[in-house]
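Colleague: Residues per chain, in single letters:
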Amino acid sequence: MELIVKNLTKTYSNKVKALDNVNLRIGVGMFGLLGPNGAGKSTLMRTIATIQSPDEGKIHFNEIDVLNDKLSLRKVLGYLPQSFGVYPKMSAEQLLNYLASLKGIQNKEERKALVQELLEITNLYDVRNKNVDGYSGGMKQRFGIAQLLLNNPKLIIVDEPTAGLDPAERQRFLNVLREVGTNCTVIFSTHIVEDVKELCNDMAIMNGGKILRHVKPAKSTKEIVGKIWTKSVKRSDLEKFEKKYNVLSSNYNVDNSINVRVFSEKRPAVGFKKAEPQLDDVYFIALKEDNTN
Amino acid sequence: MFKNIFINEIRYWIYRPAFYIYCLIFFFISLMISGSAAGIFDAVTVTVGSSLIVNSPYALGGLFGAVSTLVIFLYPSIIGVSVYRDFKSNMYSILYSYPFTKLEYLLAKFLSGLLIVNIIVFTIGLGIACGFNLPGVNPDLLTEFELKPYLDIYVIYIIPNMIFTGAIVFGIVTFTRNISAGFIFVIIILILQGFLVSFGQEQENRLISALLDPFGDMALDYYTRYWTVAEQNELYIPIKEIVVYNRLIWMSIASFIFAGIYKLFSFSQNAFSFSFGKKNSTRFIKSNFGGITKILLPKVNLSFSKSTKLSLLWKLSNVDFLYIIKSWPFISIVLVGLLIQLIGLFELGNIFGTATLPRTWRILQVGNSFTLAINICTFLYAGLLIHRSRISNISQLIDTTPAPIWVLYGSKFLAIVKMQIVLLSLVMVSGVIFQTFQGYYDFQIGLYLHELIALNLIYYIIWALLSFLIQALIPNPFLGLFVMIVLFIGIPLTNLAGIEQAIFKYSQGPGFSYSDMNGYGSGLNRYYIYKFYWLCLGVVFYILTLLFYNRGYVSSAVEKFKIAKNRFRGVIPFFISVFTILFISIGGYIYYVNNILNIRKSSKESEIETVEWEKKYKKFENYAQPRIVSVNVNVDIFPNTRDISASGKYTMVNKSSKSIDSIFLDHNSAINTFKFDNANTLVLEDTVYNFDIYKLEKPLKPGDSLSLAFTVKNKPNTTLRNNSSVVYNGTFINNFTLFPSLGYSGGELRDDKTREKYGLPPNELKPHPSDSTALGNTYISRDSDWIDFEAVVSTSKDQIAIAPGYLQKEWIENDRRYFHYKMDSKILNFYAFNSARYEVLKDKWRDVNLEIYYHKGHEYNLDRMMKGMKAALEYCSENFSPYQHKQARIIEFPRTAGTFAQSFPNTIPFSETIGFIADVDDSEEGGNDYPFYVTAHEIAHQWWAHQVIGADVLGSTMLSESLSEYVSLKIIESVNGKNKMRKFLKRSLDTYLTDRTFERKRENALMYNDGQGYIHYQKGSLIFYALSDYIGENTLNQALSTYVKKTAFQEPPYTTSIELVNELKKVTPDSLSYVIKDMFETITLYENKVISAKSKELENGKFQLDLEFNVSKYRNDEKGKMFYGDREIDSIYFQSEEMKKPQYSVYLEDYIDVGVFGENDDNELYLKKHKITSINNKLSIILDKKPVEVGVDPYNKLIDTNSDDNRVKI
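Chains A and B, in that order, give the protein sequences. Take the first sequence: its position 188, counting from 1, is numbered 188 in this note's numbering, and each next residue is one higher. Take the second sequence: its position 870, counting from 1, is numbered 870 in this note's numbering, and each next residue is one higher.
Worth flagging that the hints you see were computed from the coordinates, not collected in a lab. In this text the structure is predicted, and so the values were computed from the model without any measurement. Certain hints may be false.
Said to hold, decoys possible - Derived pair list, reagent style DSSO-like, types lysine-lysine, alpha-carbon separation capped at 27 Å:
#1 Lys58(A) to Lys15(A)
#2 Lys565(B) to Lys75(A)
#3 Lys309(B) to Lys89(A)
#4 Lys306(B) to Lys112(A)
#5 Lys108(A) to Lys309(B)
#6 Lys15(A) to Lys618(B)
#7 Lys309(B) to Lys618(B)
#8 Lys266(A) to Lys234(A)
Unchecked claim - Ranges between beta-carbon positions, derived for each pair:
#9 Arg567(B) to Lys15(A): 25 to 35 Å
#10 Phe267(B) to Lys15(A): 37 to 47 Å
#11 Tyr12(A) to Ile239(B): 54 to 64 Å
#12 Glu56(A) to Gly65(B): 20 to 30 Å
#13 Trp314(B) to Gly137(A): 43 to 53 Å
#14 Thr143(B) to Lys15(A): 48 to 58 Å
Think of the CB as a built atom: it goes at the ideal place given N, C-alpha and C, for glycine as much as any other residue.
Chain B extracted, bound-state conformation (with noise of 0.2 Å):
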């Protein structure tokens, strides 16, 4: 019986197109998805260049995450419903009176459908398979094809996925006798799921996340997420205890839930269904037979009149929307969306562990999550509306009545965007009580109406329309939900196809963002353009729809498509060609605006640009050029045009020691004039790339000055395209992007394959900091050394403009205020503009003025901030040497320019979410405080760049970035106590260890780093803390500050960190010199880890503690991949009895902290650096109390991959 069973399912799917849908749709996306990541669409759009293997075991395994997350959404209609379709079909009554047990039919049916998603899956594998062998795929990213990742994925993730998922569903859809309660089921997972991958990114709960994923990706996550490039590209996925309890966790689960469904399930026919309140059950008898009633029926008014017909309309769409929101698919989702949004709003904004404040605006971003739900629910009740009536069978007698079909869809409609409505406004209400429990009272319920009634709804009736037309095309309403669920990701994705214009995308176009300076900015014209551009397009598919509209019985697709001509006729004609007209005109315009009027380069087209500029102007990349060594302008701000206009001078001196005859102009694509004062004449204007080329017409000697006289005005803003950076509150633009500067500026393509590909020369990125002649500029700037500044900025009347240096005058003139800034000492040739309505707190630390620029109602930190300009200003010039300046000011700008600080000489402009409206938690469990932090960080740069800046070449940012953050960590230190810095210091290693699995060329050493922050920032500041505590903090320091007397404002050639390391190294005792081979010369990663420990007490009342654990280090290579030294003999091994394989390590002599920890936290017993020479160790300590907790390197110091199990707690 069960074969036949079996075979009848199977035939049923056979024969029934959505089967063959799926597969065609599943083989295609994940087909194009390998394709592309190969690089298929290499032609059209930007070369794929990666050092990464796409088609690597790891790789495999998110591509195919990626894809098999959306079968999910097939369980209820094919696994779940197997059951319930006999049911429905009513075949139950016969097939339930025949010969079989329940064993057999439940596992036929379950068993059946499973193998259907299986055969549906495997289009997924084959179409990955096939997509790395499309034409055009780019072989370098690929590895020969293996058979055994594709199964491991099988067999211990998608198989056991699909059982598990498969298995609850077929429960839910079975007893409920509902397809809805298994998608809500599905939804409910996934946002399960998503909230244990966000859960795990905290380091502590990952091994929780990585037990209770139903997926299992947290459990790969778990091995996996510190693997290097070379791991990544040549590792097996692996199977081993976490994933195997994972995998048996749910594996259980899943019989367990199987076993409770044969339990339950009868051969009877009631649904399981909830119901409350008691059951009463009364008897009825049927009376008044036969006979023979008058009837006589009360006159009523039939109405048919347009007003009528629209007050039916606004009637019937209540009907539909109490239908929806009664409905438990509904409930469901929009409880569960709630939940993710509360989940959210606790972690708002969180940075380094603080989270921001409640800022209304914040709590709207965070209901961005809501999005999915909102559509989901779009999707799916467009569906269900409109095929409700058919599914219920009360479709003949609603579709004779005389009401129009445009009532009837119109109807729907509405009740769609009640709906969508509803769903918004519990954004706001759920922010709302957010806000109060917080205790924020500053509700901005204007914004909150604002932003989801005028400009989210728009967006979601877009969808609306689509998904309506899509379900009237569709007789399946979930066939139809998925067809939706596909779009809505799909579209966006054809960007990886090439393309890239929003004007051929449904409902894409700019987006808006919103800030406290600034509001929306000038960007909310353009977002409404482009909306009700798609608005135009979704009214045409709302009259689609009317035509398309299924009324009565519809025998084929001919035929549904005769009736929609027949319909096509009346007002529709008109109304269809306005709105077309409409849509297209628009798109038109756009079109013409981005592509004709301007130029608008493809990523393609700037990806080849880029190779044009290397090949054309590489040359004159070491041509000298005169240096600047004054700039003085003029900067006129107009914020309410957004509108900037500057002239200004440069005085430039020939410092080389021979002739120069060209001057090489790099300036920007606004409107400029130059002018030098010596004769010469344009032999070269590129419009393209605004590289000019200047022959003077008498070459300028060594030791001869020029001047530059420029201007430089934007083009004129317009609604579409904004062509300056201005902003109505809050401009913040550097030099940079507003002045020309002198010589080739690089730009290149960095993927050493991509510069093959187009025939150019593997990338340096930079010279080796031991290449001599390489030392002639800084890294900030290569035009010029120490310049003299001025700049007279002026701006709108209500507004205050800052520009680095010190303030000389302030009038106002013709209704604008000037400000007149001169900077007393040299500085780097970098400097910016701000302008905002500031408020300003003033304060002096010993003569300095120090000044905070903030936006008001921005109070809430800037006492923490002053806090940390005072300390870092104390640390600096205690240990360094004197800060140059008489002032530090920090400058508020938008968190829509960026979420970042950035230090100028004495001025540093701070982005209001980098410290502003952090909420810090000063408690013990809080996190960092952050507004401080950084504050002392940006402080540090006034020495660590604005007085000792790094040469042009690799690693040069460690003399300014890990330094800082050295600084920071130490002010840290010397405010929370040592004991506290693990939180910090773990923080940061999980996030180098982290952030370099993203490499995507190389990861150098830190003293040869190519300027990614995860090395310069945590592994910098993690090395420079570990050093001091090695050499001590004051060694370290005062060899820091002999290093600044030398190279501080020094002309070229500048310094390197080879200068630095080695000013390190004659400080540190040669036992400990291996720590800077370790750490500025290699990747050197340590294993360190407790294996026992045991303490008793003896009988003087002392403890005695046997401790044993490990100690090994290993190294990486450019690509992560790891070895043990550069000679075979650099390396010993250590085997237990108990371990498979032996542990390797480098060779040791090296100094690692042994830590003993009593009953409170910060009770530490012991801590001292032992001399490791083996990977084994064992050791007896005496210790006078109680011990709780030891570690090896217990505040982890160290770069260490796996940094909990240093501490064990006994």
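If we strip away everything but chain A, and leave its shape as in the complex, we get (with noise of 0.2 Å):
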């Protein structure tokens, strides 16, 4: 099981190059799609999602080729937008059989058995009547992972899905994806570096349109062992730092004081300790040096 992207390139008619040249192969298991806001993530999940053309550009899944027989993907297709409404005065329930039924499953008997083990599974059954516009965050977000695995998916595409969730909500809805996207490919976009962190088995890195990296996130901070420094400077001292060394992250601590984090080969000056290289490491070296280019 493989999604291939091949050239995938989209301007807006704003000007705005959403989509530049990204190439991607990805296989089975989760899959993290990290950048920051306006990177042109959504844009790329709606691309392979069929709802949005590119200009340029390829993309298959295993035998189908998704731009000329958006069809197919559809039929095995799980997506959950970065933000979504839903029809007003529908309950959870009608909203899923009626949304079943577009997604192919004609039985009337087995549309109620699924969307009622859906319910149970993310815990909605007892606002089941409820209507679905009345959700708060968390049980919205839920009901989309509900929709999502109506048909079965064997491509599921979530985009930015832990935005706004509490603690709690967040964990359980990390916990179900990674139970369904076991056996099939899971495509995950995020800004938060945690989520990729916990989750995915591989990842790429994207901004401005184009992939900045791919790899595994577990060898990936590897690679940059011995290369994190960190030391604790004036608030008045950050300025010059940032200028002299490679500063990748700076934050407070309680006394006012502030922690740098610096990526070098070698230790950059007397007073820098070595640190624990993390996965934002990787992600910050990642932009930076697309800055820098």
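Take the two lone chains, each set in its own frame, and fit them into one complex as the hints suggest.
Modeller: Set out below in structure tokens:
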């Protein structure tokens, strides 16, 4: 099972280049697409999910030529967009039923059983008769998962699903995703590095419409062992440091001093301590390199 | 802060393309409307010829009214949406924490919306003004540009209307956060206004509807309703009492509403919503945190077969259908539509205040008022369904499912069709309920279903197909709705620009009409062909909608087309070409049949032909021709094939003093043959005008006779074309359409300015009656005087065929039924043939056989008609002269041939809708018993037309129509009593005063009239009725009787109105000679009015009534310009202290009724003619009983421009 994206390019009518010659090969398992807001992640996801046409490029999922045979892909697709609405005055049960028929589940009994089960799994059973437009963010996201699973998808695309969820909801969401994602391809976009770290066996970092890096999370942190340094500096010295060193990130300590993380082959200066590399570092390194180019 | 918000709102619109689209659309519509009114399309279509000025203040009011109604459809999406937009974009959560006040916020939002609408409305004024200045306008129709009328309309009508409607829409959308709710209101207010307009047609309702009309149109109408052409051309629109009150009423309602909005609005987030039942609140607690669930989903089968998809389509359409019928706009439109329907049903076929029986076809006709509701629902919901998933933002979920587009779109289309079926069924359900309620149980369910589902549905589907395409192309459903409304109204109007053939105009084509006698006749196949033709284009639209159906994200129009191009594969190219080819071939075939196989004349071409006809042949008008003295015809009517073939023989005599060498034969376009018994040569055969000239080898000497044998047969009927006027059941054909006639037949352009354009001299229409050389012909025929008549008419075996005359013999031959009719006395050359499956009712009046030939099932009013025949025969033969025949017959014909009755010699074809199915209400409040009344009128014509017939000069219709109408009024009076006449007289007066405002050429005095109905029927009957009151019924009838003796069955020169008026003058005392002048010789109108009336009880138990009243009268010239006498000294005036302007009058020496009425309606305490010599009059009357009501001319016998202020209650 493999998703191949070739030379995908898309420029919007406002001249923003959302996809710039994107090439990807994604196998079974969880694939994280990491990037800042506006990196082009959603455009890429939508394009794979068949609801946006690229200017150029090709997408193949197994035997399916996605751009020319959208319906075939949709049969095996589960898609959860970044944000979605629902028809007003429809309960979760009604809406799932409606979407199930759209996804091709013809038998009424089967549909009923499936919807029932999905409501249980997503813990929406108690509120199944409530209108979905009154749901909280977490409930709605769970509803999103439920609808995504309706057709037993082979390709699952979830776009920034954890944004705005409370920690418990987020954990639960990731667990469910992980559970269903074992036997299929899951593409999962986020700007939260944590999500990828916890879940994904493969990832890509994206910015400005380009894939900056396509790596395995575990391997990528290993590559920078010994190259991440940290130091606590005074607020007033921060600008100086930023000019002088390759500062990846900086954050306040309680005493108003600032902790900086620096990427460097050697210890940059006295006072810098070696730090355990994190996926964040990989992410920031990639973004930084792209900026300097 | 106000400024910031306001400017920000304006900026929002300035950057929206929709704003410019609206401006352009309105500018263009206004430009075209005013341009076409001013004649810019004269080059391609009929010349706009009229004595009306099209840019007079009054006319401008009409133009603005028409266009600005459309503007209010923009209110919801411009004014209404301004606050709601902040919620939709979530801007409110930031905005409402900012430091500004509610008032600033609301005012800024409201006023900015108002300003934007104002700018759009401004383009209407601009468009109208520019339209009058386009190249090609006819300067005769225009007066100089003036700013004041535009300003008047803006300030008095448009801006207040905008504020009022805008405020309500603003409130509704702000609180419901639903643009559709705003639309509901707009539609409701339009319907309400429409209701007030039709409600105000009845005189007694005019004041109330003038006050209540939200747009003020009826307030304007209140003052301008009776404006003559001259007044319409010259006066500014009135800004006085009722108009001001109306505006004040609605402005205060608007301020009230805005104050309410201000009070209720708060900077919080909850929309205002209606909830039913109690609110139960529960506390939700989250459970099941974290945890890992095993996911084992039950196995399901995914199916993507064709049949699955079809059943999915069906299922989805149900979901959409439920969405529609549960939504408020739908429910409201349906409720209001039903309400209108019901009101329409109660007013069912109101003629002279009397309703028609609720026959099913009648109900269905009223059901057509539902057309707009169904179409608006279609246009609106096509858009809402197409954009629904995107508006709800669920589109990403739906668009990524494997449901193909044809399923997604197909289900929406099907949902709309289901909605249409439901709405159409409502017409039936409400109709059946109404019929039951009226105690009428002849429900024709089959007819309901046939018309609603087979005939009407197809029409709505054709509109649905277009609206889906438009809605798929336009991203905003409300803009799409607006575009559809413009198309719906605009497409038929392209006629004005000379696009006349239905095949070029979407959804247009011949309609159908039903009659009890003839069903739908032969027109249905044609209807279906046109509908199928448009359906083919509709299917092409359907496929195009599939191509442009929005799925996923489309960032530009270019991309939209790219996607459409991509989707153009599979079966789509095949189907689109099949239906395009089908569409073009059917259209081509229709075009071929109508334009190439047959001659189609555009109205422009017809106009030019009329001109050419006059130029070529008018010179023969006074060329002596022999006169037809006897007619003997055989007519074969074939109802099944709708064919007719006839042969006949005219015997003609040269009654002139000169030899006649040429015969001018004017005939129809059917297949004709002609053979004279004298040797002749055909020197001219004009196949365009069907006008032939035969030169006789030996000229016909004075006194010699000539005969013409002819045959005539229609060209075969085809599906697309009817070449005969025979129908399956209920044929009615007169001799003018069937048989040839002699000489130039007239039919010239009437409007002098148009004539001038084509180089024709001004048209006097007819010679003046004083022109003694013009009295050679009757106004009915120009080639004969009195003839002998004999006819054999045949028809199918199950029908009866009728012609004037007495039945000599009836037989069956070759499975056809033959009737031989012969007239025993001379008649006018004016006869007709009828054939249908008739029932016959027979009766006798003295030795006269009375017969009514009627359609089975139409027995309702036969006795009233029989009574009418007898009453009129009695009255006329008692008062004027004996009846010349021994029979009188009424023959029913289908309503599809018209709603009228026409009197031929002893034979009266009578439409089914002018009496047969009237629902006469004999109670006090009931309207006119018109089956009785119309019958009496037609019988009276046996005297006033068939005994005495005027020459073909001005005013001759007074001798036939006015006098017949006078007879019916007198008969009604003898049945109902004098006191009940006011309602008839008032109705006639109102019709006269209203209809004369539509005059486009000129209005002459009664005795010189051009043949206008409002003069010879309404005014004529009022005048003869009043005259009989002044000089006495007996005196008048005596004079008429003398006149009949002099003129009945006379040979030329024929009589004229002058001769009758002279006869009347002889019996009129000198003191009343002014009456003849006012009534017959001039157009004179009274303004009689009670100023005050007080009564007090005297010591002797009697009552003293003190009455002050004004009497004044003025004259109108032929354009309706007011004057007070031929010379300055002929006028008098009066001015009291309160009066700003003096009241003028023609010099008075008039006798006017003053009446006093007691407790009961009938109780006439006092009625006397007083001699009035001044405008203002005071009078004291001593009465025995307590007076309740007084009046000057209380029965409205006189022509009075305000008939309501003649009576006053004390």
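Colleague: Hint says 54 to 64 Å; check whether the CB-CB distance for Tyr12(A) and Ile239(B) agrees.
Modeller: Given range 54 to 64 Å: holds, Cβ gap about 56 Å.
Colleague: Are Lys565(B) and Lys75(A) close enough, with their CA atoms no more than 27 Å apart?
Modeller: holds (23 Å)
Colleague: Does the Cβ distance between Trp314(B) and Gly137(A) fall inside 43 to 53 Å?
Modeller: violated (35 Å)
Colleague: Below or equal to 27 Å on CA atoms is what counts here, so check Lys266(A) against Lys234(A).
Modeller: Roughly 22 Å separates the two Cα atoms, so the pair holds.
Colleague: Would you check the hint for Lys309(B) and Lys89(A), treating anything up to 27 Å between C-alpha atoms as holding?
Modeller: holds (26 Å)
Colleague: Run the distance test for Lys15(A) versus Lys618(B): straight-line Cα separation, threshold 27 Å.
Modeller: At roughly 74 Å apart (the allowed maximum being 27 Å), Lys618(B) and Lys15(A) break the hint.
Colleague: So if I understand the rule, the pair passes when the alpha-carbon distance is 27 Å or less; does Lys309(B) with Lys618(B) pass?
Modeller: violated (72 Å)
Colleague: Could you say whether the range 48 to 58 Å given as a hint is met by the Cβ separation of Thr143(B) and Lys15(A)?
Modeller: holds (55 Å)
Colleague: Is the hinted range of 25 to 35 Å satisfied by the C-beta distance from Arg567(B) to Lys15(A)?
Modeller: holds (27 Å)
Colleague: Hinted pair, alpha-carbon criterion (27 Å max): Lys306(B), Lys112(A). Please report holds or violated.
Modeller: The given pair, whose Cα atoms are some 22 Å apart, holds under the 27 Å limit.
Colleague: Between the beta carbons of Phe267(B) and Lys15(A), is the distance compatible with 37 to 47 Å?
Modeller: holds (38 Å)
Colleague: Are Lys108(A) and Lys309(B) close enough, with their CA atoms no more than 27 Å apart?
Modeller: The given pair, whose Cα atoms are some 14 Å apart, holds under the 27 Å limit.
In this structure, the earlier hints numbered 6, 7, 12, 13 are contradicted, and the remaining ones agree with it.
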